[in-house]
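Residue numbering for the sequence shown follows my numbering, beginning at 12 and increasing consecutively.
Derived by calculation from the structure, the hints in this document are not laboratory data.
Where is the CB? At the ideal position from N, CA and C, for every residue including glycine.
Incorrect hints may have been included.
[Stated by the list, open to error] No farther apart than 20 Å at their CA atoms in a straight line, the calculated lysine to any residue pairs in the SDA-like style are these:
id	residue 1	residue 2
1	139	92
2	48	81
3	88	54
4	157	18
5	124	50
6	46	131
7	48	86
8	19	86
9	139	71
10	19	124
11	124	157
12	48	74
13	139	49
14	157	88
15	46	92
16	46	61
17	19	92
18	139	110
[As the list claims (entries may be wrong)] Have a look at the derived ranges for each label pair, beta carbon to beta carbon:
id	residue 1	residue 2	range
19	153	97	21 to 27 Å
20	149	59	25 to 31 Å
21	144	77	37 to 43 Å
22	147	15	30 to 36 Å
23	124	27	15 to 21 Å
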Amino acid sequence: MKTTNPLKRIHGILMRGHQVASRPSKDYPYSALEKQKPFFKTLGLDLYETFNGTLNISIAPLTFEMRAPEFTFPLVKWTDLHPPETFSFSRCFVYFRGNATPGWVYYPHPETKKRHFQDPSLIEVIAKQIADVQYGDPLEVEVNMKEITVRTW
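With these hints in hand, go ahead and build the complete structure from the sequences.
Structure, rendered in structure tokens:
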């Protein structure tokens, strides 16, 4: 019986995001991700070893959709500043200059995330900090096709 590899590498470009996940705001002195991590840990996903920000990887002209992620946490009330949000996570690898860094595709569900529109061709990844990576750098993200669907426009 032939088995197919569910992992697929996708070429992308590192883009600047909204910088909500990685930076403190006027509303509180934490990044959003720093504030969310304890909630995710309580729900079974420990992200404390990762950077308090996301890598925003444009895979345009492709788009992606979460199909059957490893983790989905419905309606997490992580702040009093806006309504609860649903988050999904799928393991991935980011490849930069020949080095693989394990991480997680971080997907705040748009139907519960009212403050920021997310382009469906932008994959947000949580990982350890990657040395020397800059906005505009080409990289690859390897995703599990059993959990994430990748489409052309």
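Starting from residue 157, check that the Cα of residue 18 is at most 20 Å away, please.
-> 8 Å, holds
That 30 to 36 Å hint for residue 147 and residue 15 (C-beta), does it hold up?
-> Since residue 147 and residue 15 have Cβ atoms about 33 Å apart, the given range 30 to 36 Å holds.
Range hint 21 to 27 Å: satisfied by the CB atoms of residue 153 and residue 97?
-> Given about 24 Å between the Cβ atoms, the range holds.
Hint consistency between residue 48 and residue 81 [alpha-carbon to alpha-carbon, up to 20 Å] = 17 Å, holds
Given pair status - residue 54, residue 88, alpha carbons within 20 Å | 12 Å, holds
Could you grab the alpha-carbon distance between residue 19 and residue 124 and see if it respects the 20 Å cut-off?
-> Cα-Cα ~27 Å, so violated.
Can the restraint linking residue 48 and residue 86 be considered satisfied, given a maximum Cα separation of 20 Å?
-> Measuring from Cα to Cα gives roughly 15 Å; hence the hint holds.
Measure nothing beyond the straight line between the CA atoms of residue 124 and residue 157; if it is 20 Å or shorter, mark the hint as holding.
-> 24 Å, violated
20 Å limit on alpha-carbon distance, applied to hinted pair residue 139 and residue 92 | 27 Å, violated
Do the alpha carbons of residue 139 and residue 71 lie within 20 Å of each other, as the hint requires?
-> 24 Å, violated
Could you say whether the range 37 to 43 Å given as a hint is met by the Cβ separation of residue 144 and residue 77?
-> 24 Å, violated
Quick one, are residue 19 and residue 92 close enough, alpha carbons at most 20 Å?
-> 37 Å, violated
When the structure is compared with the earlier hints, violations turn up for hints 1, 6, 8, 9, 10, 11, 12, 14, 17 and 21 and for no others.
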